[in-house]
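Protein sequence lines correspond, in order, to chains A and B.
In terms of the working numbering, the first sequence has 17 at position 17, counting the first letter as 1, and numbering is strictly consecutive.
In terms of the working numbering, the second sequence has 8 at position 8, counting the first letter as 1, and numbering is strictly consecutive.
There may be inaccurate statements among the hints.
Remember, identical chains collapse to one label, so a pair may be satisfied in a single copy or spanning two.
[Said to hold, decoys possible] With a straight-line Cα cutoff of 25 angstroms, these simulated DSS-like cross-link-like pairs (lysine-lysine) come out:
#: 1; residue 1: Lys55; residue 2: Lys132
#: 2; residue 1: Lys244; residue 2: Lys136
#: 3; residue 1: Lys14; residue 2: Lys132
#: 4; residue 1: Lys64; residue 2: Lys244
#: 5; residue 1: Lys13; residue 2: Lys136
#: 6; residue 1: Lys132; residue 2: Lys244
#: 7; residue 1: Lys326; residue 2: Lys132
#: 8; residue 1: Lys136; residue 2: Lys55
#: 9; residue 1: Lys244; residue 2: Lys326
#: 10; residue 1: Lys55; residue 2: Lys326
#: 11; residue 1: Lys326; residue 2: Lys64
#: 12; residue 1: Lys136; residue 2: Lys14
#: 13; residue 1: Lys64; residue 2: Lys14
#: 14; residue 1: Lys13; residue 2: Lys244
No lab work stands behind these hints: they were computed from the structure.
Number of protein chains: 2
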Amino acid sequence: MGFLSEIPDVTFKKPLFCSILGNTLLSTVPGVSGAGSTPENTLLTPVLDAELIVKGSITSHPIKPNTPTGCPTPASITRSMMELSGLQPLFINAGLRHSPTVPCLDVYGEIGEDPRFRDAVPQAQVLFEKGKLIGKFLSESFDLLVLGECVPGGTTTALCVLRALGYDASVSSSFVDNPVTQKEEICRMAIARVRADHVTAPLDILQYTGDPMMPVATGICCTYTGHIFLAGGTQMLSVSAIIKAMGAPLPYVVTTSYVRDDPSANVDQIARQIGVQIFYVDPGFGDLGHTGLARYCIGEVKEGMGAGGAMCLSYLLGHSPEVIRKTILTTVSAYS
Amino acid sequence: MGFLSEIPDVTFKKPLFCSILGNTLLSTVPGVSGAGSTPENTLLTPVLDAELIVKGSITSHPIKPNTPTGCPTPASITRSMMELSGLQPLFINAGLRHSPTVPCLDVYGEIGEDPRFRDAVPQAQVLFEKGKLIGKFLSESFDLLVLGECVPGGTTTALCVLRALGYDASVSSSFVDNPVTQKEEICRMAIARVRADHVTAPLDILQYTGDPMMPVATGICCTYTGHIFLAGGTQMLSVSAIIKAMGAPLPYVVTTSYVRDDPSANVDQIARQIGVQIFYVDPGFGDLGHTGLARYCIGEVKEGMGAGGAMCLSYLLGHSPEVIRKTILTTVSAYS
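Using the sequences plus the hints, can you model the full thing?
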C-alpha cells in the first residue's frame, strides 16, 4: 500500500486535531501498560505527552519523550505533524490523576477505576452528556475533527468493552510482547461482573468496564456534525462499537499500519464486524535510518496520541509522504 | 444615547463569546460581594452561572438564577443572548473552589487568596503563559472575541490593581450601596504590601493583589490576533490597565450603561486615563415592565458574566434593540 491505505472521500475547510486524555487504574497493574517508565508513572504520561505537543518540549519533569528502549513516543510524532501543518491542537481532560501543564477542555471526570473490582466509570452517563456539549461546540467552528486519545492501559479497557459487546476481539499493545494472558484474565473478571448484573446498555458497559475517554468520545461523535476520524487502534474501535450499539452514525477510524499488522490483535477483523471504515497510515519508519522509529516496525509502541490521525491529517492537508517522513525524523532526532 | 454608545469599527465573520470564571477569597469576606446568597455561596456563583448559560437551567443545585432581591442574574441575560444569536459559549476556568458542571477550558489555576495577608495569585506568571496559549488557539478559528468574566469579589481586586498601578480609581459594585469603606480598607492593606516590597511589574502586581481571571485575560489579549472586546466594567478596566503597563496593544472594553452611571465609581474616567476605548450598552431595562430588570436601573447588579458584551455582540450580529430586549424579557420571565 501507499502512505494511506485508501483516500477518504471528504472535503473540508477548517480541521481540528483534538486528543482526549484519561487514566485508568489498570495502567498501574504491573505489566499491563508500556506507556511509562514504571506502572505508577503511566498515570503521568498523558500530561507529559500533551505538554510536549503544545510546547515542543517537556520542562515540568526531567523526562525525555522516548520509551525506555529508545523509541520516540507517538506524542513526538503528533508534535511534528502539528508543526508541519501549523495546527493548534486541543486537549480534552476526561479524567486524570495529575493536573495537566497545558490548558485542556475539562469535563471534570475522575480517573477510571479497576473494572475487576468495581465500576470503572461511575459517571459514564454524565461524561457522555458533556461529550455531547463538546461535539456541539466544535461543530460550530470545525468541519473536520481528528480525535485521538492518550489513555495508558486503554487497550485493556478496550478489550473488556469489545468483549462485553459480544465482539470476537483481540487487542493491540504498546509492548512488542503483548501481555495477552494478563489482559485476558483482567477481561475475564470484568466481564464476569458485567454478566452477573445482566448489563447490556452501551453506556452501562462503559460504566462497568470502560475508561473515562470512552463516554466523552462517544458523546462528541453523537453531536458533531462534520467529518470525524477517531484516531487510534483498538481503543477507538471500542468507541466505534459503543456508537454502533447506540444506533448513532459511525465515525471513520484511522490508525497506523503497525496496529493493523499486530499479530496478537485482529484490528481489521474487528472493524469489519463493527462495519466502521478504517484507514491505515504507513509512514515507512523502517527505512528512515532511525533505530528508535524502526522499532515501530517490529511492533513496539505502534500508535498513540492520535499519531496515525495526525499523519493522515497532514497528508490530507497536502503534505507529501516524503515531507511528512522527513519532518518526523528531524523532530524525533532533536529529542534523542 | 441609543442602544450602543458608539458603533465599533469592526468587521468579522466568526465571533466567539467566552467568559473566564474565577474565585477570590475576598468574596467570602462578609459584605464585599453581592454575587451569592451568603458570603460562602459566592464561591459557587461562577459554576452556577456557566451551567445556566450552557444548559438553560440550573439542575445541580436548588437555586434560581435571581438575586435575593429578585433581580435576574446577568448570566440569564447572557443566556438569552446566546439563544438569540445561536452562539455556543466557551468558558475558561482560571481558578475555582468548586468543580464546574459544564466543560471548561481549564488552566489549572487556584482560587485567589486574600491580598491583605498574602500573595493573591502566586501563579500569575504561569496563568499569563497559559492565557497566551489560549489566545493563540482561539486566533486560529475566531476573528472576534467577546471575553467576559465571572469573579465574585472581583471589583475589589480590580480596585487594588488599578490603585497599585497608580490610577485614581473608584470601582463599581453589584450592590446598590457599594461597600466603599470596606473595599477601601482592604485596598489600603493590599497596597501596603505592594509598596513595602516595591512591586511595580504588571504581573507582579497581579500576583500580589489580583485574582486568577486577570493574568489569563491578559495573556489571551497578548496573543489573540482578531478583534477583542473585554466584556465587563471596572474588572476589565483593571485588565486593560495591566495590558497597557505591559506595552501590549489595548483591547476594546464593553459594559452596560448601568456601570457607567454608578455614582460610586468613575468608569469612564478610568477608561480615559488608560486610553482604552469603552462602549456602553443601554438595554433600557427600566421600561420593560419587569421589576427585577428595572432594579438594574437603580444600580443593582449592573453587569456580570459578560452580559453587556453579549448584548453588544447580538446587536453587531444584526439583532435589533427591540428583539434583544424582548428576548431578555421572555428568558428572565421564564425563570421567575
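Hints, verified against the model:
1. Lys55 x Lys132: between (28 angstroms within a copy, 12 angstroms between copies)
2. Lys244 x Lys136: Only inside one copy: Lys244 and Lys136 sit 19 angstroms apart there, 36 angstroms across copies, limit 25 angstroms.
3. Lys14 x Lys132: both (20 angstroms within a copy, 22 angstroms between copies)
4. Lys64 x Lys244: This pair counts as neither: shortest intra-copy Cα distance 39 angstroms, inter-copy 39 angstroms.
5. Lys13 x Lys136: both (18 angstroms within a copy, 19 angstroms between copies)
6. Lys132 x Lys244: Answer is within; shortest intra-copy Cα gap is 16 angstroms, inter-copy 40 angstroms.
7. Lys326 x Lys132: neither (38 angstroms within a copy, 30 angstroms between copies)
8. Lys136 x Lys55: between (28 angstroms within a copy, 12 angstroms between copies)
9. Lys244 x Lys326: Answer is neither; intra-copy 38 angstroms and inter-copy 43 angstroms both fail.
10. Lys55 x Lys326: within (20 angstroms within a copy, 47 angstroms between copies)
11. Lys326 x Lys64: Cα proximity of Lys326 and Lys64: one copy only (21 angstroms, versus 58 angstroms across).
12. Lys136 x Lys14: Answer is both: 16 angstroms inside a copy and 16 angstroms across each meet the 25 angstroms cutoff.
13. Lys64 x Lys14: neither (33 angstroms within a copy, 39 angstroms between copies)
14. Lys13 x Lys244: Answer is neither; intra-copy 28 angstroms and inter-copy 36 angstroms both fail.
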